[in-house]
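> Just so you know, the sequences run in chain order X and S.
The letter at position 24 of the first sequence is residue 24 when you use this note's numbering, and the numbering goes up by one with no holes.
The letter at position 89 of the second sequence is residue 89 when you use this note's numbering, and the numbering goes up by one with no holes.
Be aware that a few hints might be false.
Said to hold, decoys possible - Beta-carbon label-pair distances, calculated as ranges:
id : chain 1 : residue 1 : chain 2 : residue 2 : range
1  : S       : Pro145    : X       : Ser98     : 16 to 26 angstroms
2  : S       : Ala147    : X       : Glu107    : 16 to 26 angstroms
3  : X       : Ile28     : S       : Leu4      : 51 to 61 angstroms
Simulated from the structure, these hints should not be mistaken for laboratory data.
Note that the Cβ used here is the ideal one computed from N, Cα and C, for glycine as well.
Here is how the chains run, residue by residue.
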Amino acid sequence: MQMFFEILIAFFLSVSGIFGFVGSFGMIKLKDPMSRLHAPTKATTLGVGGVLLASILHSFAIEGHLSLHELLITLFLFLTAPVTALFIAKWHIHRHESPETLPPTGEDDSWATHAVEQEEDVPDHTAT
Amino acid sequence: MKLLHRIFPHPHMSVLLTLVWMLLANSLSLNSLVFGLFLGIVIPFVTQPYWPDRPKLRNWPMVVSYILIVLWDIVVANVTVAMIILFKRDADRQPNWICVPLDLRSPEAITVLAGTITMTPGTVSADLSSGGHNLLVHCLDAPDPEAVRDEIKQRYERRLKEIFE
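All chains should be modelled from the sequences, with the hints used to inform the complete structure.
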């Protein structure tokens with residue numbers, strides 16, 4: 001039985017290593033910034049998830065006590081990863097996209113990031 | 001009933017905070033349960049003015065099935081994205097912006113949908129239209145943007161609409 005759990009833990013660790021590597025590799029291989037954003041938000045989720053599953057299994061099967069605060073790391077990762085991705089995407093839209101390069105918005109005037117740009121210009125800090 | 005409402009403005013959040021504290025403490029002792037309950041009562045009470053609305057979850061079995069579907073999709077997403085990164089030539093890839101018209105209106109539901117889109121196959125939610133009626137999504141590899149849009153609407157938005165509205 002011990003053997004079985006050890007193989008399972010090793011499997012999860014290998015999976016997480018592979019996906020962590022692919023995620024980082026994607027940062028080099030993909031050429032445009034928006035596509036680069038895909039690699040770390042996804043490949044890494046399974047990468048971290050694998051380590052955490054292995055950690056839960058290890059504490060349960062080898063050390064003999066149940067430890068679940070790894071689940072919290074997963075939860076926080078799921079809450080923070082989309083927010084980080086959204087920040088980087090918004091930065092990209094500000095700097096590199098115009099309303100013409102994005103798809104039309106249907107009944108609304110513009111995308112929120114561009115709407116802000118129209119309303120208030122960036123404050124001039126050089127004046128003081 | 002009204003008093004109970006005052007003391008527990010967000011009962012779901014109270015339960016969640018208690019659970020999170022017990023997981024953080026990593027023990028099932030009475031000690032951590034009492035302190036977790038204390039946090040679960042005090043934090044929603046103190047932050048009440050900043051969060052007046054109370055999102056109603058209507059369909060609990062649907063919440064569970066939604067979480068399971070998303071978890072499964074995340075695993076599939078990882079494999080799909082890994083395959084694209086490793087084996088697809090960069091020139092063959094067709095990155096694309098798509099616009100998803102939203103039927104959802106509650107801010108909580110739109111937040112969950114945007115988060116789900118970011119975590120699942122080859123899509124990242126990038127922006128919301130100024131009126132909040134459309135979601136801008138970037139696809140890593142989408143030869144057929146319409147199909148991606150329909151899948152998001154069918155698979156996630158329909159379920160979220162049943163849960164929140």
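> Decide, hint by hint, whether the structure agrees.
Verification of the hints:
no.: 1; hint: S/Pro145 - X/Ser98: 16 to 26 angstroms; verdict: holds, 20 angstroms
no.: 2; hint: S/Ala147 - X/Glu107: 16 to 26 angstroms; verdict: holds, 23 angstroms
no.: 3; hint: X/Ile28 - S/Leu4: 51 to 61 angstroms; verdict: holds, 56 angstroms
The structure shown violates none of the earlier numbered hints.
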